[in-house]
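2 protein chains.
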Amino acid sequence: MTEAEFDPGSVRALAFDVFGTTVDWRTGVAEQVAHLAARRGVELDGAGFADEWREMYLPSMGRVNGGERGWAYLDVLHRESLDELLERHGVGAAFDDADRAELVRAWHRLPAWDDAAAGLARLRGRYVVAALSNGGFALLTHLVKAAGLPFDCILSAELAQLYKPDPAPYLTAARLLDVAPGELLMVACHGWDLAGARGAGLRTAFVSRPLEKGPGGGADADVPADVAARDFTGLADLLGCP
Amino acid sequence: MTEAEFDPGSVRALAFDVFGTTVDWRTGVAEQVAHLAARRGVELDGAGFADEWREMYLPSMGRVNGGERGWAYLDVLHRESLDELLERHGVGAAFDDADRAELVRAWHRLPAWDDAAAGLARLRGRYVVAALSNGGFALLTHLVKAAGLPFDCILSAELAQLYKPDPAPYLTAARLLDVAPGELLMVACHGWDLAGARGAGLRTAFVSRPLEKGPGGGADADVPADVAARDFTGLADLLGCP
Numbered sequence: 001m002t003e004a005e006f007d008p009g010s011v012r013a014l015a016f017d018v019f020g021t022t023v024d025w026r027t028g029v030a031e032q033v034a035h036l037a038a039r040r041g042v043e044l045d046g047a048g049f050a051d052e053w054r055e056m057y058l059p060s061m062g063r064v065n066g067g068e069r070g071w072a073y074l075d076v077l078h079r080e081s082l083d084e085l086l087e088r089h090g091v092g093a094a095f096d097d098a099d100r101a102e103l104v105r106a107w108h109r110l111p112a113w114d115d116a117a118a119g120l121a122r123l124r125g126r127y128v129v130a131a132l133s134n135g136g137f138a139l140l141t142h143l144v145k146a147a148g149l150p151f152d153c154i155l156s157a158e159l160a161q162l163y164k165p166d167p168a169p170y171l172t173a174a175r176l177l178d179v180a181p182g183e184l185l186m187v188a189c190h191g192w193d194l195a196g197a198r199g200a201g202l203r204t205a206f207v208s209r210p211l212e213k214g215p216g217g218g219a220d221a222d223v224p225a226d227v228a229a230r231d232f233t234g235l236a237d238l239l240g241c242p
Numbered sequence: 001m002t003e004a005e006f007d008p009g010s011v012r013a014l015a016f017d018v019f020g021t022t023v024d025w026r027t028g029v030a031e032q033v034a035h036l037a038a039r040r041g042v043e044l045d046g047a048g049f050a051d052e053w054r055e056m057y058l059p060s061m062g063r064v065n066g067g068e069r070g071w072a073y074l075d076v077l078h079r080e081s082l083d084e085l086l087e088r089h090g091v092g093a094a095f096d097d098a099d100r101a102e103l104v105r106a107w108h109r110l111p112a113w114d115d116a117a118a119g120l121a122r123l124r125g126r127y128v129v130a131a132l133s134n135g136g137f138a139l140l141t142h143l144v145k146a147a148g149l150p151f152d153c154i155l156s157a158e159l160a161q162l163y164k165p166d167p168a169p170y171l172t173a174a175r176l177l178d179v180a181p182g183e184l185l186m187v188a189c190h191g192w193d194l195a196g197a198r199g200a201g202l203r204t205a206f207v208s209r210p211l212e213k214g215p216g217g218g219a220d221a222d223v224p225a226d227v228a229a230r231d232f233t234g235l236a237d238l239l240g241c242p
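Protein sequence lines correspond, in order, to chains A and B.
With my numbering applied, the first sequence covers 1 to 242.
With my numbering applied, the second sequence covers 1 to 242.
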């Protein structure tokens, strides 16, 4: 594939991945898991549990995109993965239905990375900035509100009823924002997401999140993209946003 | 229909109509029409023209909801009405395609009513607040951003491919916000919108906008609703938002 040279002036809107790219899911989920486990008198390594839970994320969405099952909200996939994981750890009996619902909601309230709000505010001065995540519309609305992130609008794979990296959510985002796919810049810290965006004709920005999976956790690095930045304020610098 | 007594505590999210309720379409469109007409050396009463244009709004959407035609974006309906209106005034020759596109975009940048931003900010402290308009998703995103209105998210009839007052946009909004229809409060200054919302099972708040259609222009008054307020800050008072 021959990459056309990237011209920041051709970009009219930015779409941001959320889990990992904008918010620190690992710290947030780990703390909430550890907290509830302690209340239930169960020993669980919160961070390790969060990592295992997240590892089930892409496969669970792949079953929707592959047509093995119809559309299922991310909360439903998270719940199924959680049920399986609690059994695997032999602690299923300690968590009732309400506990499990609370754990699923851990993904609804997660801390933003330190640079996220400030970087978005600068980028928003020049571009339309949208959240574009596999999280559901309501989940994202609550998450973005609680974290105080200044997005112009919320977009979600739910609106396409298919998950990233299928082309549908990227193209739905471009259509709703009334821009051509090549005028939309997808910002993410994951190679699989940017590859999906590129395949749909979007431009891509890689932001590194070295601590996404913990120290030494193997966060994506050196991902092919039109531009690469250390964080959201670095991206604002690169795109010339005051 | 027996109205259940309204309990503000049962409301989990607020959906706001935009044209007329949140922004002053008449002043905004009139100024932009008058400005372009002057540049083209044509005499046009901007406010009168805006009124006539707006009068074609409900009938044009009715043809989509009634199945006479498939989904058509509000910009398309606005353009068709504009073309007809310019001919009616005998000034069609003065406005080329670019002029007409510019006039359609007048509906994308409109001034907010004075109380809107402050009222929304207070309401947002307690509730999820969404824009829910017949304007398209991109149109609303641009309009809300330019006017500096602190909505948590943008919703649009475009997501349902049917226009208010059809039940579909109201129910789509509730579904995406993950609330029951009865937990969503529709805020509008138009009786037809609140009647549609009520028919879909939403709760309703009437906000009066006596100048929406100009002095003596016949803005809706005394519309049946669960609550009525003089403006958005009055609504924040009524709902106990500090």
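I should point out that these hints are in silico values taken from the structure, not numbers from a laboratory.
One should not assume that every hint holds.
Any copy, or any two copies together, can satisfy a pair, since identical chains are not distinguished.
Simulated pairs of lysine to any residue, SDA-like, Cα-Cα distance not exceeding 20 Å [said to hold, decoys possible]: (1) K145 <-> R124; (2) K213 <-> D51; (3) K145 <-> A117; (4) K213 <-> W71; (5) K213 <-> T27; (6) K145 <-> D114; (7) K145 <-> R175; (8) K213 <-> D166; (9) K145 <-> F6; (10) K145 <-> A168; (11) K145 <-> G216; (12) K213 <-> R109; (13) K145 <-> A221; (14) K213 <-> L44; (15) K145 <-> R105; (16) K213 <-> A98; (17) K145 <-> A47; (18) K145 <-> L58; (19) K145 <-> G92.
What label fits K145 with F6 when the C-alpha limit is 20 Å: within, between, both, or neither? For K145 and F6, the Cα distance exceeds 20 Å both inside one copy (32 Å) and across copies (26 Å).
Within a copy, between copies, both or neither: which one fits K145 and D114 at a CA-CA cutoff of 20 Å? within (16 Å within a copy, 24 Å between copies)
Since the copies are identical, ignore which copy is meant and state whether K145 and R175 lie within 20 Å (CA to CA) inside a copy, between copies, both or neither. Between copies only: 18 Å across chains, 24 Å inside a chain, cut-off 20 Å.
Since the copies are identical, ignore which copy is meant and state whether K145 and L58 lie within 20 Å (CA to CA) inside a copy, between copies, both or neither. Classified as neither; 25 Å inside a copy, 34 Å across copies.
Intra- versus inter-copy proximity for R105 and K145 (alpha-carbon distance at most 20 Å): within (15 Å within a copy, 29 Å between copies)
Using 20 Å as the alpha-carbon threshold, which applies to K213 and A98: within, between, both, or neither? neither (28 Å within a copy, 51 Å between copies)
Under a CA distance limit of 20 Å, which applies to K213 and R109: within one copy, between copies, both, or neither? within (18 Å within a copy, 43 Å between copies)
Is the C-alpha distance from K213 to D51 at most 20 Å within one copy, between copies, in both cases, or in neither? For K213 and D51, the Cα distance is within 20 Å only inside one copy (7 Å; across copies 57 Å).
For the identical chains here, do K145 and G92 meet the 20 Å Cα criterion within one copy, between copies, both, or neither? neither (32 Å within a copy, 47 Å between copies)
Measure nothing new, just compare the shortest in-copy and cross-copy C-alpha distances for K213 and W71 to 20 Å and report within, between, both or neither. Neither: 28 Å inside a copy, 44 Å across copies.
At most 20 Å between C-alpha atoms: does K213 with T27 qualify within a copy, between copies, both, or neither? within (9 Å within a copy, 53 Å between copies)
Classify it for me, K213 with L44: is the Cα-Cα distance of at most 20 Å met within a copy, between copies, both or neither? within (17 Å within a copy, 63 Å between copies)
Comparing the model with each earlier hint shows violations of hints 4, 8, 9, 10, 11, 13, 16, 17, 18, 19; every other hint is respected.
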